[in-house]
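Peer 1: Sequence:
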Amino acid sequence: MSSARRTALVIGGFGALGAAVSVALADDGARVLRTSRSSRPGAEDVVDLGAPGAIAELPLLDAVVWAHGVNANDSVSAHDDGTLRSMLETNVELIASRAA
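At position 19 of the sequence shown the residue is numbered 138 (the working numbering), and the sequence of numbers has no breaks.
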């Protein structure tokens, strides 16, 4: 990013990848807004995209990073239908429903 103050939204900004990206952007001088599936009391610049009107109230964004996702650290043969369904709902259907 350039030296001008930029604003970035990191979706999943508290996970391992999202936190690393958030730190890198902040170190580069950006204002970083982050989202999370769970409450983050005391955390700064947290955006609840599920709140009414939250998307419309976002500032002009210079960057959006999608670092959100879930996985199951298990063997493919050990996955049950519920685990697969949960991963698909979070990683695929959530994206489609937000874009609609």
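Do not take every clue at face value.
[As the list claims (entries may be wrong)] What follows is a list of derived Cβ distance ranges for each label pair: (1) Ala197 <-> Ala123: 25 to 35 Å; (2) Leu203 <-> Asp147: 19 to 29 Å; (3) Glu208 <-> Ala170: 47 to 57 Å; (4) Gly172 <-> Glu208: 21 to 31 Å; (5) Val142 <-> Asp167: 13 to 23 Å; (6) Leu168 <-> Val142: 46 to 56 Å; (7) Arg156 <-> Leu177: 10 to 20 Å; (8) Arg204 <-> Gly148: 40 to 50 Å; (9) Leu207 <-> Ser157: 11 to 21 Å; (10) Ala135 <-> Ala182: 15 to 25 Å.
For the record, the hints were derived by calculation from the structure and aren't laboratory data. Computed from a prediction, not measured in an experiment: that's the story for all the values here. Idealized CB from N, CA, C, for every residue including glycine.
Peer 1: Please go over all the hints and tell whether each is borne out by the structure.
Peer 2: Each hint tested on the structure:
At about 49 Å, the beta-carbon gap between Ala197 and Ala123 misses the expected band of 25 to 35 Å. Look at Leu203 against Asp147: about 37 Å separates their beta carbons, and that is not inside 19 to 29 Å. As the Cβ distance of Glu208 to Ala170 is approximately 20 Å, the hint placing it in 47 to 57 Å is violated. A hinted range of 21 to 31 Å for the beta carbons of Gly172 and Glu208 is consistent with their spacing of about 24 Å.
Restraint check, Val142 to Asp167: a C-beta distance of roughly 21 Å satisfies the suggested window 13 to 23 Å. Taken as a hint, the range 46 to 56 Å is violated for the pair Leu168 and Val142, whose Cβ atoms sit roughly 21 Å apart. Under the hint 10 to 20 Å, the C-beta atoms of Arg156 and Leu177, about 18 Å apart, fit the expected range. Distance hint check for Arg204 and Gly148: the Cβ-Cβ separation is about 41 Å, which falls inside the suggested range of 40 to 50 Å.
Distance hint check for Leu207 and Ser157: the Cβ-Cβ separation is about 20 Å, which falls inside the suggested range of 11 to 21 Å. Against the hinted window of 15 to 25 Å, the Cβ-Cβ separation of Ala135 and Ala182 comes to about 19 Å, which satisfies the hint.
Of the numbered hints stated above, those contradicted by the structure are hints 1, 2, 3 and 6, listed in ascending order.
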